[in-house]
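Trainee: Protein chains in written order, with this note's numbering: chain A, 1 to 367; chain B, 1 to 184.
Since the hints were derived computationally from the structure, they do not count as laboratory data.
Hints may contain errors.
[Unchecked claim] Straight line, CA to CA, 27 Å or less: simulated DSSO-like cross-link-like pairs of lysine-lysine:
id, chain 1, residue 1, chain 2, residue 2
1, A, Lys308, B, Lys52
2, A, Lys114, B, Lys140
3, A, Lys330, A, Lys259
4, A, Lys65, B, Lys104
5, A, Lys320, A, Lys308
6, A, Lys221, A, Lys262
7, B, Lys112, B, Lys140
8, B, Lys52, A, Lys65
9, A, Lys45, B, Lys149
10, B, Lys133, A, Lys262
11, B, Lys52, B, Lys140
12, A, Lys45, A, Lys114
13, A, Lys180, A, Lys161
14, B, Lys149, B, Lys52
15, A, Lys180, A, Lys226
16, B, Lys133, B, Lys149
17, B, Lys149, A, Lys67
18, A, Lys45, B, Lys140
19, A, Lys117, B, Lys112
20, B, Lys104, B, Lys133
21, A, Lys330, A, Lys308
22, B, Lys104, A, Lys262
[Claimed, not checked] Anything over 10 Å on all C-beta distances counts as not near chain A; from chain B, calculated:
id, residue
23, Ser80
24, Leu85
25, Gly180
Remember, it's a predicted structure, so these values are computed and weren't measured experimentally.
C-beta: ideal position from N, C-alpha, C; glycine also.
Residue-level listing of the chains:
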Amino acid sequence: MMIQSDAECGEHIDRISSLPCNIIETILEYMPVEDIIKTSILSRKWRYRWTSVQRLEFTNNFFEKSKHFEICSIITEVLFLHNGSIHDFILHIPPNYSIKMQCLGKWLLFLSRKDIKEIQLASLQIDPPQVPSHIFSCQDLTYLHVQGFRLPIAPNFSGFKNLTFLYLFDVIFESDTCEKMVSGCPLLRALTVSNCSGFEHINVSSPVLQYLLIECDQVMKSICLKKAKDLVNLTLWGYRLEDNFEGDWVSDFMKSLQKIEKLHLGGGYIQSKSDAVGPQMVLRGFEFNKCCFSRLQIVNITVGTAYKCALSLIRFVLAKSSSLEILNFKVGFGLNQLSTRSISRISRNLLRMKRASSRAEVKLVRH
Amino acid sequence: MAEETESTKTEPLKTAEEEFKKLEITEEEESELKLETSDHVTFMVEASIAMKFGAVQQYLEVSPAASASATAIPLHNVASRELILILEYYRMHDWVDAGERDLKEFDERFLKDLNYEELKELLLAANYLNVEKLFNFLTKSIANIIRNKDVEFVRTFFGIDNDYTPEEEAAYREENAWAGVKFV
Numbered sequence: 001m002m003i004q005s006d007a008e009c010g011e012h013i014d015r016i017s018s019l020p021c022n023i024i025e026t027i028l029e030y031m032p033v034e035d036i037i038k039t040s041i042l043s044r045k046w047r048y049r050w051t052s053v054q055r056l057e058f059t060n061n062f063f064e065k066s067k068h069f070e071i072c073s074i075i076t077e078v079l080f081l082h083n084g085s086i087h088d089f090i091l092h093i094p095p096n097y098s099i100k101m102q103c104l105g106k107w108l109l110f111l112s113r114k115d116i117k118e119i120q121l122a123s124l125q126i127d128p129p130q131v132p133s134h135i136f137s138c139q140d141l142t143y144l145h146v147q148g149f150r151l152p153i154a155p156n157f158s159g160f161k162n163l164t165f166l167y168l169f170d171v172i173f174e175s176d177t178c179e180k181m182v183s184g185c186p187l188l189r190a191l192t193v194s195n196c197s198g199f200e201h202i203n204v205s206s207p208v209l210q211y212l213l214i215e216c217d218q219v220m221k222s223i224c225l226k227k228a229k230d231l232v233n234l235t236l237w238g239y240r241l242e243d244n245f246e247g248d249w250v251s252d253f254m255k256s257l258q259k260i261e262k263l264h265l266g267g268g269y270i271q272s273k274s275d276a277v278g279p280q281m282v283l284r285g286f287e288f289n290k291c292c293f294s295r296l297q298i299v300n301i302t303v304g305t306a307y308k309c310a311l312s313l314i315r316f317v318l319a320k321s322s323s324l325e326i327l328n329f330k331v332g333f334g335l336n337q338l339s340t341r342s343i344s345r346i347s348r349n350l351l352r353m354k355r356a357s358s359r360a361e362v363k364l365v366r367h
Numbered sequence: 001m002a003e004e005t006e007s008t009k010t011e012p013l014k015t016a017e018e019e020f021k022k023l024e025i026t027e028e029e030e031s032e033l034k035l036e037t038s039d040h041v042t043f044m045v046e047a048s049i050a051m052k053f054g055a056v057q058q059y060l061e062v063s064p065a066a067s068a069s070a071t072a073i074p075l076h077n078v079a080s081r082e083l084i085l086i087l088e089y090y091r092m093h094d095w096v097d098a099g100e101r102d103l104k105e106f107d108e109r110f111l112k113d114l115n116y117e118e119l120k121e122l123l124l125a126a127n128y129l130n131v132e133k134l135f136n137f138l139t140k141s142i143a144n145i146i147r148n149k150d151v152e153f154v155r156t157f158f159g160i161d162n163d164y165t166p167e168e169e170a171a172y173r174e175e176n177a178w179a180g181v182k183f184v
């Protein structure tokens, strides 16, 4: 863009000040707080203009800039000067910085009285801090993203009745309260639980859930999706499943896949350590359920060296998915490599399978 | 990582019937609306695109007769120069085969070809027409341009007259020193 030529023209029209308010507000809403505050120095007209911006973003650059100042009191001051509703609050604490949790608690309480709708909290500390319980005062939340925190659920927690998007990364729960959290959100449309710990069960009670990602390295006992009939995009990724994994969820989960479009399964969800659980459950689920996956378009399946149950699963998926476009099958994930002979056996197998969709492309990838 | 890919693809059967169906669909979508800009230039615009303009939708709600292409829908606050750009943007973003990367490259080029005055005019037109996608794209682009720049840059960029006294300005800069606005 030609900054020079324009500046040289010496045009002294107050271009943006003459722009309608909604435009200025939208521009300010795309900027982090340190840039918004700077606009107060532009001119008299601009002095308090920023105070009605409904989105406040405190991220890396903010911390970097204010490192020689008292960070907590700056944030408190910004909130204090703010005028009107705040819909969006974003706080990303970079490594080597810390925030007093008493302060965060007060900010959350303050935000709960400012019509807060969306909150993002991320911390990259080695020792994850605890989310202050005032988060539960924000009852109008529609979007919540928490990363790198401990999240204790208060005993009197009654749920987030309006929450639509819940993203949890590296969150530590206490004594299986994750289930309580998730089941307290009846309007959830998207849920991500990635690398979280401190729970063994997930029970989705939202009937409108469309997007679900569960990715974890720890022992899971059950996932219940009985009510999730609208799932469109599902990712399940895990290495270790408990030997006494409550297998019932699998058939329930297959029943809820009527509307599924994208399916990604990997690790322990297909491959089983013992022959007693796992694959049989998956297959039984399919047989019980004579439905077809008429909307399924994309499937990714990743397994280690035990590929046999995955092949049976693929056979069912190919035979029942009339809109399938692509199926990626990755084998040999992890340390052990598969022999070329096994690979050619798998590919012969794949070629022979009946396909409900003539468009379907099947890709076999060896790690 | 050794990667071996075997692709077993079944080519779709492109029967004449399928091709014919596609043709029919495109023909149906060919219906056009007549739009007239502030400088009295008329444009025939695909209905599928024109209907993305909030202002056009609103006009048609009030006077549905205008959807018959004989009458032109007046766009009082949009000049032909801006409408051409808006149509270029929407035709690209509406193009079924455009991949994510194509769109990104297009957006970058689109922005590069505009000077600040044109950018502002286009933003005003997008605001008037109530075209969400372009409006968000332009406001976001402006936010990116002024992000992390000093106060002087932002003043020049927007052509803002500083009416603070030097003392006042110094005091406010001191107040917000943490945001990097201190006098050097």
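Trainee: Hint compliance check: list the failing hint numbers for this structure, sorted ascending.
Mentor: Numbers 1, 4, 8, 14, 19, 25, in rising order.
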